[in-house]
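Listed below, chain by chain, are the residues.
Number of protein chains: 2
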Amino acid sequence: MDKKWEIISSKYLLESKWINVRKDKVRMPKGVELDDFYILEYPDWINVIAITEEGDFVLERQYRHGTQTVEYEICAGVIEKGEEPIVAAQRELYEETGFGGGEWSLYCVTAPNPAAMTNRNYTFLAKGVKQISSQHLERTEDIDVIVVSREEVKQILKDGKMMQGIMQAPLWRMFYEEEGR
Amino acid sequence: MDKKWEIISSKYLLESKWINVRKDKVRMPKGVELDDFYILEYPDWINVIAITEEGDFVLERQYRHGTQTVEYEICAGVIEKGEEPIVAAQRELYEETGFGGGEWSLYCVTAPNPAAMTNRNYTFLAKGVKQISSQHLERTEDIDVIVVSREEVKQILKDGKMMQGIMQAPLWRMFYEEEGR
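In order, the protein sequence lines correspond to chains H and S.
Numbered according to the numbering used here, the first sequence spans residues 1 to 181.
Numbered according to the numbering used here, the second sequence spans residues 1 to 181.
If you are wondering where the hints come from, they were derived from the structure by calculation, not from laboratory data.
Beta carbons: idealized from backbone N, C-alpha and C, even for Gly.
Any given hint could be a false lead.
[As the list claims (entries may be wrong)] Below, simulated DSS-like cross-link-like pairs (lysine-lysine); rule was C-alpha separation at most 30 angstroms, straight line:
1) H:Lys158 x S:Lys11
2) H:Lys154 x H:Lys130
3) S:Lys127 x H:Lys158
4) S:Lys25 x H:Lys17
5) H:Lys158 x S:Lys25
6) H:Lys81 x S:Lys127
7) H:Lys11 x S:Lys4
8) H:Lys130 x S:Lys17
9) H:Lys161 x S:Lys30
10) H:Lys25 x H:Lys3
11) H:Lys127 x S:Lys161
12) H:Lys23 x S:Lys23
13) H:Lys81 x H:Lys25
14) S:Lys30 x S:Lys81
15) H:Lys161 x S:Lys130
16) S:Lys11 x H:Lys25
17) H:Lys127 x H:Lys161
18) H:Lys130 x S:Lys23
19) S:Lys4 x H:Lys25
20) H:Lys11 x H:Lys81
21) S:Lys127 x H:Lys25
22) S:Lys11 x S:Lys23
[Stated by the list, open to error] Far from chain H, by Cβ distances over 10 angstroms, these chain S residues were calculated:
23) Pro43
24) Glu54
25) Glu95
26) Asn113
27) Met117
28) Gln168
[Stated by the list, open to error] Simulated restraints on C-beta separations:
29) S:Glu179 x H:Val78: 17 to 27 angstroms
30) S:Glu179 x H:Glu138: 14 to 24 angstroms
31) H:Lys130 x S:Glu179: 50 to 60 angstroms
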């Protein structure tokens, strides 16, 4: 790939469980050098479009400190080291909502931000889930679970109440693929 | 909003033109405290679904150093301080592709990552654009412009060649809204 940038040197400005911030000095194919290109190293993520046997969608509502807003979301989380994406997806749905079972498939893969973030997000489609437990939240999690109709999901998206791009993308894609002409 | 987190203290780990990294010590409504919640402060962004008078889509291809892949993209960029989003969108389309003109409207707003990023992305729909100039790239930009059909855009998305979530979301939404039953 002749467009690839050469990394001349790298320095970590921050290393933590959730994110590493890396400063790269790079050389582009045409010879231009940049001293400070910042890369955010994240683990890969999953999210889950969880649909009940009745055809309703399992959503969450929680406060998000980046935008300082309460957001509607689909279930989402981090893939632990060595964990298969589908295992992470089933674990997160169980922990965050208490829902499980059903037929699972990988629906699509997105990247939160190819320009500066290293990670991928795997969206799983879980059809026919049901409540099998209560939530098992971590002490830092405060998540409301709501089950809404397909049309309500579309309205939430149109109303700007689910802002996250990597959640919107697979939902609109599914609505297009299942309902497009 | 009773779910809002209280910021006990903040410290900047990095301040640059493109991104600030902030470490917040926070207290959640139920009393849990977290010493190190990292927030990425970005300026707001725009992207543009640019469609020619013939109904074709103006796309870009460029290397992205986060994922180290060459990505298909729609035109995207940063809103400069004090700039109106639509002005930024028209400026970026002109600079990156040389296309302009047509009818412009704000199509939707997404958030790249409400959990950790502060910014919004404004997607504009530009219908009936045409080539009015050559590109005006910065020295760090190396962007190929390609004009493809609507069906080719869908295939690029399905093939995973346009990974960015905030680009996929408005495209699938538009395909759904214009072609849904």
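Evaluated hints:
Between Lys158 of chain H and Lys11 of chain S the alpha-carbon distance is near 36 angstroms, which puts this suggested pair outside the 30 angstroms criterion. Between Lys154 of chain H and Lys130 of chain H, the direct Cα distance comes to roughly 21 angstroms. Compliance with the 30 angstroms bound is thereby established for this hinted pair. For the hint pairing Lys127 of chain S with Lys158 of chain H, the CA-to-CA distance comes to about 21 angstroms; that is within 30 angstroms, so the pair holds. Distance hint between Lys25 of chain S and Lys17 of chain H is fulfilled; the C-alpha atoms sit about 16 angstroms from each other, no more than 30 angstroms.
For a cut-off of 30 angstroms, the pair hint linking Lys158 of chain H to Lys25 of chain S is broken: about 34 angstroms separates their Cα positions. Taken as a hint, the Lys81 of chain H and Lys127 of chain S pair is broken in the structure, with Cα atoms around 45 angstroms apart against an allowance of 30 angstroms. Restraint check: the Cα-Cα separation between Lys11 of chain H and Lys4 of chain S comes to about 34 angstroms, which exceeds 30 angstroms; the hinted pair is violated. Only pairs whose Cα atoms come within 30 angstroms are accepted, and Lys130 of chain H paired with Lys17 of chain S is rejected, the gap being roughly 47 angstroms.
Proposed proximity of Lys161 of chain H and Lys30 of chain S is supported: the alpha carbons are some 24 angstroms apart, at most 30 angstroms. The suggested pairing of Lys25 of chain H with Lys3 of chain H holds, with an alpha-carbon distance near 16 angstroms, which does not exceed 30 angstroms. Proximity of Lys127 of chain H to Lys161 of chain S is assessed by CA-CA distance (about 27 angstroms); at most 30 angstroms being required, the pair is judged to hold. Between Lys23 of chain H and Lys23 of chain S the alpha-carbon distance is near 17 angstroms, which keeps this suggested pair within the 30 angstroms criterion.
The straight-line distance between the Cα atoms of Lys81 of chain H and Lys25 of chain H is roughly 28 angstroms, inside the 30 angstroms bound, and the hint therefore holds. Proximity of Lys30 of chain S to Lys81 of chain S is assessed by CA-CA distance (about 37 angstroms); at most 30 angstroms being required, the pair is judged violated. Between Lys161 of chain H and Lys130 of chain S, the direct Cα distance comes to roughly 34 angstroms. Violation of the 30 angstroms bound is thereby established for this hinted pair. Restraint check: the Cα-Cα separation between Lys11 of chain S and Lys25 of chain H comes to about 25 angstroms, which is no more than 30 angstroms; the hinted pair holds.
For the suggested pair Lys127 of chain H and Lys161 of chain H, the alpha carbons sit about 23 angstroms apart, so the restraint of at most 30 angstroms is met. The hinted pair formed by Lys130 of chain H and Lys23 of chain S fails the criterion: a straight-line CA distance of about 38 angstroms is larger than 30 angstroms. Simply put, Lys4 of chain S and Lys25 of chain H have alpha-carbon atoms about 38 angstroms apart, too far for the 30 angstroms limit, and the pair is violated. In summary, the hint linking Lys11 of chain H to Lys81 of chain H is supported, as the alpha carbons are separated by about 23 angstroms, within the 30 angstroms threshold.
Restraint check for Lys127 of chain S and Lys25 of chain H: not satisfied, since their Cα atoms lie roughly 39 angstroms apart, outside the 30 angstroms limit. A hinted pair counts as satisfied when its Cα atoms are at most 30 angstroms apart, and Lys11 of chain S with Lys23 of chain S qualifies at roughly 5 angstroms. Residue-level check passed: Pro43 of chain S sits 13 angstroms from the nearest beta carbon of chain H, beyond 10 angstroms. At roughly 21 angstroms from the closest C-beta of chain H, the C-beta of Glu54 of chain S stays outside 10 angstroms, upholding its exclusion from the interface.
Look at Glu95 of chain S: its CB is around 16 angstroms from the nearest CB on chain H, clear of 10 angstroms, so calling it non-interface holds up. The claim that Asn113 of chain S is not at the interface with chain H is violated, since a C-beta of that chain comes within 10 angstroms of its own (minimum 6 angstroms). For Met117 of chain S, the shortest C-beta to C-beta distance to chain H comes to about 5 angstroms, within the 10 angstroms cut-off, and the non-interface label is violated. At roughly 4 angstroms, the least C-beta separation between Gln168 of chain S and chain H is not larger than 10 angstroms, which violates its mark as non-interface.
The supplied range of 17 to 27 angstroms is broken by Glu179 of chain S and Val78 of chain H, whose beta-carbon atoms lie about 35 angstroms from each other. Glu179 of chain S and Glu138 of chain H have their C-beta atoms about 41 angstroms apart, which leaves the hinted 14 to 24 angstroms range violated. Hint check: Lys130 of chain H to Glu179 of chain S, Cβ distance near 32 angstroms, so the stated range 50 to 60 angstroms is violated.
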